[in-house]
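Student: Listed here are the chains, written in short residue letters.
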Amino acid sequence: MKRFLLPLAAFAVLVGFLAIGLTRDPRDVPSPLVGKPAPAFTLPQLHDAGKSFSAADMKGRVWLLNVWASWCVSCREEHPVLVEFAKTGQVPIIGLDYKDKVADARQWLDKLGNPYTLTAVDADGRVGIDYGVYGVPETYVIDKQGIIRMKHTGPITPESLNKKILPLVAELSR
Amino acid sequence: MRRWPVLLMLFALFALVALVAGDVFAGEAAPLATNEAVEKRLVAISEELRCLVCQNESLAASQADLANDLRREIRKMIGEGKTDREILDFMVARYGDFVRYRPPVKPTTWALWGGPFILLAGGLGALVFFLRRRNRMAPPPVLSEEQRRHAAALLDQSDT
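So the protein sequences, as listed, match chains A and B.
Anchor point for the first sequence: position 53 equals 53 in the working numbering, and the numbering is continuous, going up by one each time.
Counting from 1 along the second sequence, just add 1000 to a position and that's the residue number in the working numbering.
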């Protein structure tokens, strides 16, 4: 019996590693931008192309940058959560309309509700590259000094909002 | 029969048109040829990079929209005279070391780079250990001294 003990122990360790691996999301790549200043950009606004929006405009405030697009399926899943959350007015949500058509994006917001304080249009996705966007929707929590404090990849769920994002926002707002 | 020369002339005419057209197209394709060096560098760099949308494909092979955009960025940076190092740094600053197929050796990647060698050393160590233990255990003699004598006696008997 003793001779099986060692292989069994090795197998148990392997199973342990694989079990932990299964609970992790391989699509959730940690962003190197967390803890770094949010990349500067100036883009036209969705509802008023004459006006522009710069990341620098938000200095001194805690804010969320939510990257979305009308062609993005998961954004539809996330949208009601954002619309509901925006009603509380706790923190400004700036939308970044990523590689989208202005008409489509406007129609999308008209139909599903607009949770955004304003939306900036990143038509060619160049700002998205600076933010390391690789799968919309993505959400960044940016502090008063303009430092990215958190990146959430994938749709925001009520759970991730209440457990991850809101506690951090509350802490940063203090 | 008299039609032949006409047909021949027509063929000649088509051939001429085809030739001239070919020349025209060849002329249009020329700029691509001068960019060959750029394209080669683009492929060399993007083969080292992972496409984050379809993670098991390189940036060079991926047809994802983001991969197209990133290749466009890299092409632009090559045009601006950036070095390979600078282009890699640009990608790592945005997507992290995960974007590189050969991540740098640093404390967080020691296990990744060293792990296989540690496993190999462990395996070799175990092999040496078991082989030595087996050698130490001398095999028991096949026949005892008495059995051997008995066998010899039997063989002698059969000889006679």
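Careful: at least some of the hints might be erroneous.
[What the hints assert, rightly or not] A few chain B residues that face chain A, going by a derived Cβ cut-off under 7 Å, partial list only: (1) R1094; (2) Y1095; (3) Y1101; (4) V1105.
[What the hints assert, rightly or not] Here are the simulated DSS-like cross-link-like pairs (lysine-lysine), alpha carbons at most 27 Å apart as the crow flies: (5) K99/A - K51/A; (6) K99/A - K1076/B; (7) K101/A - K1082/B.
Derived from the structure by calculation, the hints contain no laboratory data.
A virtual CB, placed ideally from N, CA and C, is assigned to each residue, including glycine.
Student: Provide an ascending list of the numbers of those earlier hints which the structure does not satisfy.
Tutor: 3, 4, 7
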